[in-house]
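Here is how the chains run, residue by residue.
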Amino acid sequence: MVDDHELLAAWRRGDQAAGGVLLQRHFRALYRFFRNKVGNQADDLIQLTMLATVKGRDGFRGDCSFRAYLFIVARHELFRFLRKRSHEADFDPQTSSIYDLRPSPSAVAGARGEQVLLLEALRCIPLQYQLTLELHYWEELSTSELAEALEVPVGTVKSRLRRGRAALEAELKRRVSRDDATDTESVLRSLALLRG
Amino acid sequence: MLEENASSKEPPDIMAAAPADSLDEARALAKVWSGLFGAGREAPRLDHYYLLEELGSGAMGVVYSAFDTQLQRHVALKLLHRDRTSSTTARLLREARALAKVSHPNVIGVHAVGTGPGADYIAMEYVDGQSLAQWLAAGPHPWRDTLRYFVAAGRGLAAAHEAGIVHRDFKPANVLLGKDGAIRVADFGLAWEGPAALASTPEASDATLKGETDRLTATGVRVGTPAYMAPEQRRGEDASALADQFAFCVSLYEGLWGKRPPIDPDSGSPVLDLEGGPSSVVSRPPSAVIRTLQRGLKTRPNRRFASQAQLVDELEAVLHPRTARRFAPWSLAAIAVFAAAVFAAVSESKDDASNVATTDPCAAAGSEIERIWSADRRAAIELALNPGGRRLDDRRWVVDAVDRYASVWADSRTRACTRYHAGAESATLFDSRVECLDRKAQGLEAVTTLVETEALSALRVEGLLFTLGPVSECDALASRMHAVIRPEDPAERAAGQALLARVDRQYLRATAGLPHPEAAVAQIRAAAAATTDLSARGNASRFLARRTTDTDERRRLRFSVVRDSILSHDAHLLVLGYLELGELHERAGELDLSLGMLDLALAANQDLVALDPDYRASAAWFEGGIAENRARIARLQGDPAGALAAASIAARSWEPFAEDSPLWVANALNNVGEGLRLLGKPRAAIVKYDRALELSRRRLSRPTLELGVMLNNRGAAKIDAGELAAAEQDFRDAAPHLGVEPERIDPGLVEYNLGAIAFTRERYELARGHFTAAVESFSKADDIGSQLLRQTARVAVASVIREQGDPLAALAQLDAIALELVELVGTRDPRLAEVLLERSLALRKAERFEEAYEDASTAVSMQADSGVTHGADRAHYIIALAQAEIATHRPQAQGHLEEAVRLVDALESPHHPHLARTDVLLGALELEAGSGEPSRRVERAAEIVRRHELGPSLKRRVEALGKRVADGG
Numbered sequence: 007m008v009d010d011h012e013l014l015a016a017w018r019r020g021d022q023a024a025g026g027v028l029l030q031r032h033f034r035a036l037y038r039f040f041r042n043k044v045g046n047q048a049d050d051l052i053q054l055t056m057l058a059t060v061k062g063r064d065g066f067r068g069d070c071s072f073r074a075y076l077f078i079v080a081r082h083e084l085f086r087f088l089r090k091r092s093h094e095a096d097f098d099p100q101t102s103s104i105y106d107l108r109p110s111p112s113a114v115a116g117a118r119g120e121q122v123l124l125l126e127a128l129r130c131i132p133l134q135y136q137l138t139l140e141l142h143y144w145e146e147l148s149t150s151e152l153a154e155a156l157e158v159p160v161g162t163v164k165s166r167l168r169r170g171r172a173a174l175e176a177e178l179k180r181r182v183s184r185d186d187a188t189d190t191e192s193v194l195r196s197l198a199l200l201r202g
Numbered sequence: 015m016l017e018e019n020a021s022s023k024e025p026p027d028i029m030a031a032a033p034a035d036s037l038d039e040a041r042a043l044a045k046v047w048s049g050l051f052g053a054g055r056e057a058p059r060l061d062h063y064y065l066l067e068e069l070g071s072g073a074m075g076v077v078y079s080a081f082d083t084q085l086q087r088h089v090a091l092k093l094l095h096r097d098r099t100s101s102t103t104a105r106l107l108r109e110a111r112a113l114a115k116v117s118h119p120n121v122i123g124v125h126a127v128g129t130g131p132g133a134d135y136i137a138m139e140y141v142d143g144q145s146l147a148q149w150l151a152a153g154p155h156p157w158r159d160t161l162r163y164f165v166a167a168g169r170g171l172a173a174a175h176e177a178g179i180v181h182r183d184f185k186p187a188n189v190l191l192g193k194d195g196a197i198r199v200a201d202f203g204l205a206w207e208g209p210a211a212l213a214s215t216p217e218a219s220d221a222t223l224k225g226e227t228d229r230l231t232a233t234g235v236r237v238g239t240p241a242y243m244a245p246e247q248r249r250g251e252d253a254s255a256l257a258d259q260f261a262f263c264v265s266l267y268e269g270l271w272g273k274r275p276p277i278d279p280d281s282g283s284p285v286l287d288l289e290g291g292p293s294s295v296v297s298r299p300p301s302a303v304i305r306t307l308q309r310g311l312k313t314r315p316n317r318r319f320a321s322q323a324q325l326v327d328e329l330e331a332v333l334h335p336r337t338a339r340r341f342a343p344w345s346l347a348a349i350a351v352f353a354a355a356v357f358a359a360v361s362e363s364k365d366d367a368s369n370v371a372t373t374d375p376c377a378a379a380g381s382e383i384e385r386i387w388s389a390d391r392r393a394a395i396e397l398a399l400n401p402g403g404r405r406l407d408d409r410r411w412v413v414d415a416v417d418r419y420a421s422v423w424a425d426s427r428t429r430a431c432t433r434y435h436a437g438a439e440s441a442t443l444f445d446s447r448v449e450c451l452d453r454k455a456q457g458l459e460a461v462t463t464l465v466e467t468e469a470l471s472a473l474r475v476e477g478l479l480f481t482l483g484p485v486s487e488c489d490a491l492a493s494r495m496h497a498v499i500r501p502e503d504p505a506e507r508a509a510g511q512a513l514l515a516r517v518d519r520q521y522l523r524a525t526a527g528l529p530h531p532e533a534a535v536a537q538i539r540a541a542a543a544a545t546t547d548l549s550a551r552g553n554a555s556r557f558l559a560r561r562t563t564d565t566d567e568r569r570r571l572r573f574s575v576v577r578d579s580i581l582s583h584d585a586h587l588l589v590l591g592y593l594e595l596g597e598l599h600e601r602a603g604e605l606d607l608s609l610g611m612l613d614l615a616l617a618a619n620q621d622l623v624a625l626d627p628d629y630r631a632s633a634a635w636f637e638g639g640i641a642e643n644r645a646r647i648a649r650l651q652g653d654p655a656g657a658l659a660a661a662s663i664a665a666r667s668w669e670p671f672a673e674d675s676p677l678w679v680a681n682a683l684n685n686v687g688e689g690l691r692l693l694g695k696p697r698a699a700i701v702k703y704d705r706a707l708e709l710s711r712r713r714l715s716r717p718t719l720e721l722g723v724m725l726n727n728r729g730a731a732k733i734d735a736g737e738l739a740a741a742e743q744d745f746r747d748a749a750p751h752l753g754v755e756p757e758r759i760d761p762g763l764v765e766y767n768l769g770a771i772a773f774t775r776e777r778y779e780l781a782r783g784h785f786t787a788a789v790e791s792f793s794k795a796d797d798i799g800s801q802l803l804r805q806t807a808r809v810a811v812a813s814v815i816r817e818q819g820d821p822l823a824a825l826a827q828l829d830a831i832a833l834e835l836v837e838l839v840g841t842r843d844p845r846l847a848e849v850l851l852e853r854s855l856a857l858r859k860a861e862r863f864e865e866a867y868e869d870a871s872t873a874v875s876m877q878a879d880s881g882v883t884h885g886a887d888r889a890h891y892i893i894a895l896a897q898a899e900i901a902t903h904r905p906q907a908q909g910h911l912e913e914a915v916r917l918v919d920a921l922e923s924p925h926h927p928h929l930a931r932t933d934v935l936l937g938a939l940e941l942e943a944g945s946g947e948p949s950r951r952v953e954r955a956a957e958i959v960r961r962h963e964l965g966p967s968l969k970r971r972v973e974a975l976g977k978r979v980a981d982g983g
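Just so you know, the protein sequences line up as chains A and B, in that order.
According to my numbering, the first sequence is numbered sequentially starting from 7.
According to my numbering, the second sequence is numbered sequentially starting from 15.
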């Protein structure tokens, strides 16, 4: 198994096959990342992200995991895209949620009811939290990897996780019927199965 | 991920790749791949299909246009989401396969179904064009064009129903309009468990609020589009073909009026604003279309068209008035198949809930009665019946009776529904039946309300239910109700029904013995004047006639009943109309006219039977009623034979109703008994009375008028049969019953009868007291019946006066009575015979023997003329004649006495009081002639005197004779 860094290096040198392997490896993660935020435009953004990595625009130094690096790039592309779509002044990932930014609708690759709930809820909390939670639970980035990917200190990561969970729980409670006692944590954990 | 393929430029084969969450992902990958690495934009593959572009997505999955490499044609490929339960997959595929069997130009064709680990798909006909929703939005269009498209869509829907498929989500967006003008209904019945984040996006949320997209419950079960949903679907019940009909009609309305009908928040049903709408832009469709919509949008599913095919037939008739076929062969087949589906309905478990039309539209039909009679109502009624020391039997009977009625109603309602939906009956007949049943239901409601508020007895409730009429009247409607001319306009027709319901309620009140509120009567009068529904007006006039005291108005109203029933072809009302005109004449003493009316009523009744054979049971009822009236008139005319014949007919006609209405049969039997008694057959009469009393006692447990009358009559029969003690017992038993409602039956009858017993026992003061009381009692009423009874009682008083030793005073009285009687009934009435006979007795006492003989002889022949040739009365007359003959030394006396003996023997009562008298007379004759067995006669006479405690003078005569016999040897 070739290392991601090596593949990237090879790709940057012009080896398209290496790029193909990288794409295949990380496509799903990117797809998931973008899909529930920008819907049909996901493929465009994935492409932009990949192009940005190969062109080395962000000066990847190789001192964090490729995954984390990839998500940094992805995040930048996402914000760029969202800024273009909404008015600059409105866009603030601290407070704006995808819901507010109204990207085009998409059919999400979730299957079960709870997943729908969760996805809906995620879209309604501030974007920063959404990213943090998703990357942590779905991409299973550790807190230090998250700190790299989000370009913030570890402490901030932890507090975002905490606040993000709280916000998500509140959103879920609004949606969920009185019968279901929703344990946010378990829902998030169970969603790890999504990846499977 | 296939690292091995990294160098290949081929797009990954979806099926072979590791399971993708969706085809989208694979497509996206392919796109990104080609964007990054410049490979040809080759479409992802699925089996032998190349996916081209996404056409749209919905709850069940995504639809792509695709190219079928095998058949080299364009298809629409619907990819079903991978993540769903296996049962939904199975169901989906089953439906798709079923849909594939529907080969109809208006139903989207299904080419193939594929399953696999990666995705399940349905390959369908590709329609190059737009949805009907888009076409409508580009409107407005002339109504004919819109209707044409909808008719085509409707045909497609009907074809699917025929194959057992319910769409469940019919709406213009699901109807495809090809560039070639072809209409195809698509997106069939694919309701299944699956999420649609479509509903979770902001746009989708808006759309959800407007009800324009499929609605998701919190757990992701798709249930159709609320804006088009039928009320029963909205409530969560399984959608049936009838719900499709509803959605179709909402869609059509939207197509024609530019917007969906507004929903009434209370009922959840659409409020058809057919007048409004953008009529300046969209030309208004004809009223036939409106009527069709009204029917298809009925809240209750079983009131809609029996099938989608029928609905489309109606619409097509608007487009092609000449060529539309009402019962095209294939649509008949549609009905038959649907019927099979209905009758073979098998309820499937919830998990496996199939789309096939197994919902029985008539399942809930019968339970409509629960709005009126439910467990709560029953409890309330039981509570209301509690106080007043009411017997438990009564209470239970009332509740049971209403239960029975409600249960029969429910059966009948269900039957009407299934007959209609099986295509066995037309829509108009179904409507008539439902109207009839609704009227019965309203009546039942009125009955239960009366029971609750007035705490009625079981007897009264029986009368109420009888007045209401059996539910079977609505079953037997085929030709009869159909023939009645009702207003065309539905509003007028409904108003007519409302008037009928009002009248029904008043009749029930009358049966319950309650007064009519002035306001209610005034309402009926006003509504009757205003209505165009002649049948309803006739019914109202009937009621108003009963109500009014003005005889002229009553006559006018009763004639108008007959007129209105003839004009509206209401044969049933005509029978009633004639009957009541008959009663009118009877009261006025116009007995022949009355009989004429009864003949007309009978003829009308028989016409009804010819028109509607199902009516036979009800016809029997009316035959009984007509016969009853005839009997009464015959009695008034002094025609006991005629009265008996008619009374027997009545009893026979009513016998089948003994179970439900024992009192009515008992009444009839009572009349038969009377007839028999008057004709001198007291024993037969007693048998009838016994049965009458037995039937009555099933229902009556406390002092009741009816029981009193029957006991009294039986007592009278027992007198005739010579059982004085038993008769006296019956009279004494009758007294408390008759005292209950003195205004309805004259207690004078009891007085008279007790007087008769006292008279036989020669207790003349006592007898006089009774007879005088009887006279007073009969004087209170002035109808002809009471007047005649009064004269009879006066005659009895005269008899007493005679026996008490003043024959001349008696004669004077009798002459006065005779004059009055002639005024009442004319000179040929047999009642005059009675007066003559009494005169004969008085004259004999006054020793004017020739005159006595004259009168006795006339009396005897008058009695014979009236048909009385047997019985105690006859024997009485013959004895009197014989006595007169003895007094005038006529030889016929012996013959007449023997005849008297035969008559008394025929009474089958060996100890009849009359026998004592005849024995004494005959004994004396035999003694003189030296023949016969005078001693035996004396013995028997003595026995009779002893047994019946007969009077002193008879006793003396017997003893005297006994002595003479003993002496004479």
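Do not take every clue at face value.
[As the list claims (entries may be wrong)] Listed next, the in silico SDA-like pairs over lysine to any residue satisfying Cα-Cα at most 25 Å (straight line):
| hint | chain 1 | residue 1 | chain 2 | residue 2 |
| --- | --- | --- | --- | --- |
| 1 | B | Lys-45 | A | Arg-180 |
| 2 | B | Lys-115 | B | Gln-148 |
| 3 | B | Lys-45 | A | Asp-10 |
| 4 | B | Lys-193 | B | Gln-308 |
| 5 | B | Lys-45 | A | Val-158 |
| 6 | A | Lys-61 | B | Leu-50 |
| 7 | A | Lys-90 | B | Leu-50 |
| 8 | B | Lys-193 | B | Gly-250 |
| 9 | B | Lys-45 | A | Gly-161 |
| 10 | B | Lys-45 | A | Arg-81 |
| 11 | B | Lys-45 | A | Ser-148 |
| 12 | B | Lys-45 | A | Arg-171 |
| 13 | B | Lys-794 | B | Thr-806 |
| 14 | A | Lys-61 | A | Gln-30 |
| 15 | B | Lys-45 | A | Phe-85 |
| 16 | B | Lys-45 | A | Thr-149 |
| 17 | B | Lys-193 | B | Pro-240 |
[Said to hold, decoys possible] Listed next, the stretches of chain A that the computed footprint assigns to chain B, with coverage defined by at least 3 CB atoms under 8 Å from CB atoms of chain B:
| hint | segment |
| --- | --- |
| 18 | 33-41 |
| 19 | 72-84 |
| 20 | 157-169 |
Derived by calculation from the structure, the hints in this document are not laboratory data.
Because the structure is a prediction, the values reported are computed rather than measured.
Think of the CB as a built atom: it goes at the ideal place given N, C-alpha and C, for glycine as much as any other residue.
Results of checking the hints against the structure:
no., hint, result
1, B/Lys-45 <-> A/Arg-180, "violated (38 Å)"
2, B/Lys-115 <-> B/Gln-148, "violated (28 Å)"
3, B/Lys-45 <-> A/Asp-10, "holds (22 Å)"
4, B/Lys-193 <-> B/Gln-308, "violated (32 Å)"
5, B/Lys-45 <-> A/Val-158, "violated (33 Å)"
6, A/Lys-61 <-> B/Leu-50, "holds (12 Å)"
7, A/Lys-90 <-> B/Leu-50, "holds (23 Å)"
8, B/Lys-193 <-> B/Gly-250, "violated (37 Å)"
9, B/Lys-45 <-> A/Gly-161, "violated (39 Å)"
10, B/Lys-45 <-> A/Arg-81, "holds (21 Å)"
11, B/Lys-45 <-> A/Ser-148, "violated (31 Å)"
12, B/Lys-45 <-> A/Arg-171, "violated (35 Å)"
13, B/Lys-794 <-> B/Thr-806, "holds (15 Å)"
14, A/Lys-61 <-> A/Gln-30, "holds (18 Å)"
15, B/Lys-45 <-> A/Phe-85, "holds (22 Å)"
16, B/Lys-45 <-> A/Thr-149, "violated (33 Å)"
17, B/Lys-193 <-> B/Pro-240, "violated (29 Å)"
18, 33-41, "holds (count 4)"
19, 72-84, "violated (count 0)"
20, 157-169, "violated (count 0)"
Hints 1, 2, 4, 5, 8, 9, 11, 12, 16, 17, 19 and 20 from the list above are not met by this structure, while the remaining hints are.
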